[in-house]
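Undergrad: Below are the chains, spelled out letter by letter.
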Amino acid sequence: MANTSEDMSQFDVSVEEKDKLVAEVIRYVLFKYHQNGGCPIKREELTQLVTKNYRQRALPAVIINEAREKLSSIFGYELRELHRSRPSSTNHGRSSQQSAADARSYVVMSQLPADVYKNYVENVNTGHLTGFTFVVISIVYLAGGKIAEENLWNHLRRMELNEHDQNHQVFGDIKQELEALVQQRYLLKDKVNGHEGSGLFYELAERALDGPVALKIKEYISKMAKSDVNNVDDD
Amino acid sequence: MENPNAKRKLRYVDMEIDQQNESTQLALEDAVDRRLLRSKYLDVINKINDKREDLVVPGSEKFNGVIDEVEKLHKQVQKPREQVADAEALLGIVDTFATSVRSEMGGGLTPSEFISCLLRDFGKSGGIATGTSIDWKKLGVAVAPIFRKFHGCCTMIGPMGAELKPRKTRRYRRHVRPTQTDRPEEVKILGEKTDTDKNMATMFEILKSKKRVLQESLILNRLSFAQTVENLFALSFLVKECRVEITVDEKGSHYVSPKNAPAFNSVSSGKVAYSHFVFRLDFKDWKLMKEVVPEGAELMPHRCKPDWPASPENPAAFAATPIMKFSRNKGLVVLNEPVKEEFHEEEGDAAMGAIGVYNSKPQL
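Residue numbers (this note's numbering), protein chains in the order written: chain A, 1 to 235; chain B, 236 to 599.
One or more of the hints may lead you astray.
Mimicking EDC-like on lysine to aspartate or glutamate, the simulated pairs with C-alpha atoms at most 20 Å apart in a straight line are [to be verified]:
1. Lys445/B <-> Asp370/B
2. Lys297/B <-> Asp285/B
3. Lys223/A <-> Asp370/B
4. Lys175/A <-> Asp165/A
5. Lys373/B <-> Glu17/A
6. Lys359/B <-> Glu219/A
7. Lys282/B <-> Glu81/A
These are calculated hints, taken from the structure and not from any lab test.
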């Protein structure tokens, strides 16, 4: 507490004011995340809550960090920071400084152990969306991180997911579900003009490339590859 | 005589024309060759794109064939346009291999093989087109720990903004007191006694005649708890006016006897002082009283309700309240004096006795 009051004194902000700001940020994160449908929250939106009434430059960072600690300790949620990635076709010639200044966003993830989350938290009714997310990200990952739209739909068609199907019995409008993955920053959609003409490409975005998520996806895919090899050996 | 110079000049012109024709022909042939070269490069690029997956298979002969072909075509490149085509072909080959290297990081699984694994592990029969579909819910639950999604809180109703709205300042209307004419004073009719006054008078008359009576006998009305309470109420006023006194004997019974009120001097000098005590009477006490007091020992008379049906034997039960009536011919009339009807037994209509006929008097 002494450190906190010292930190706040350099901002000329009382501890009560700081607590109020932290509460506002936490409240915003909790409700906005639901309102957004799982899309990342931009850092600008959180800093605005602080800068609306306070001019101190470094204050938003302190508030957001404390909000992150409280979310973890009180709710068991991790507020992960992501750096917005750009399509690879536009990345050429960008300096590292420009990359660092890219927009930052936050996603919230549960900190529960995997087995507890799977058994007690995961909603079976929305499980199909999680499965779809995993399949699409895995296809793009195995295609080298980037895949043409046509190729992606070729693969999805094998699982009876057609591009023009708007009344799928599980997903409804499948194209819309794919678009949702783009909005949730799992995928990037990029138009590339090549020698074959212009075409749409899907690339992995920052949320799918984030450390824990990418690692787990590779683990699951490796598990599948090993079980496939075992099956072949048994045959 | 022929001019040798002219012949020589003509020969030179012919030679120049021949040279020009030759060069034009060469240029045409060159353009055709270059066009052919670029079309061959296009074929190679199409082959690279179409056979992408076959090229990266280890030990594939197709890769060697493509490289040899590109090498051959490269030797014929001289002009910039063909150099561009050559570079695009090489770019296609490099892209294919870069993609293959990245996919090798996924355990060597291709997307097609991955989908085959999914269909094997999570497939279910009964799909629409091919008969094989994925159990998406089962797959989702299996891979849920990857994403550990937080669905957000949905208990909020209303706008997202957390701003405090300033309270609206209330505007109070100036309270205007009604004027005297809006609120007329109640008119007290002189001489009219309230029911309590009547009860007090009745009770005092009983006490004057009986001198000393049991309190229970004085206030109890065996038929009505309400009238018992009214009797107690009247007694309390008599006590307040010091016209009765309540004494308690050695057995604890309460006796009521009449007395004169103290003189004003006694009150002002302090010899006599007011004191209060609570007399509790509830329904259970009334029931006990009914058991204690012998039947017929009640002193206060039972009071009948004024709206009970009137009868000839009870002419006092007639309502004496003046009734106002608006008549078209006579105007506002007041129905005041009841007129007793003669009851004819031969008419046999006993119900007529219950209805009073009133004289009407026009209101001026």
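Undergrad: Each hint needs a verdict: does it hold in this structure or not?
TA: Status of each hint after checking the structure:
{"no.": "1", "hint": "Lys445/B <-> Asp370/B", "verdict": "violated, 102 Å"}
{"no.": "2", "hint": "Lys297/B <-> Asp285/B", "verdict": "holds, 12 Å"}
{"no.": "3", "hint": "Lys223/A <-> Asp370/B", "verdict": "holds, 19 Å"}
{"no.": "4", "hint": "Lys175/A <-> Asp165/A", "verdict": "holds, 8 Å"}
{"no.": "5", "hint": "Lys373/B <-> Glu17/A", "verdict": "violated, 47 Å"}
{"no.": "6", "hint": "Lys359/B <-> Glu219/A", "verdict": "violated, 24 Å"}
{"no.": "7", "hint": "Lys282/B <-> Glu81/A", "verdict": "violated, 44 Å"}
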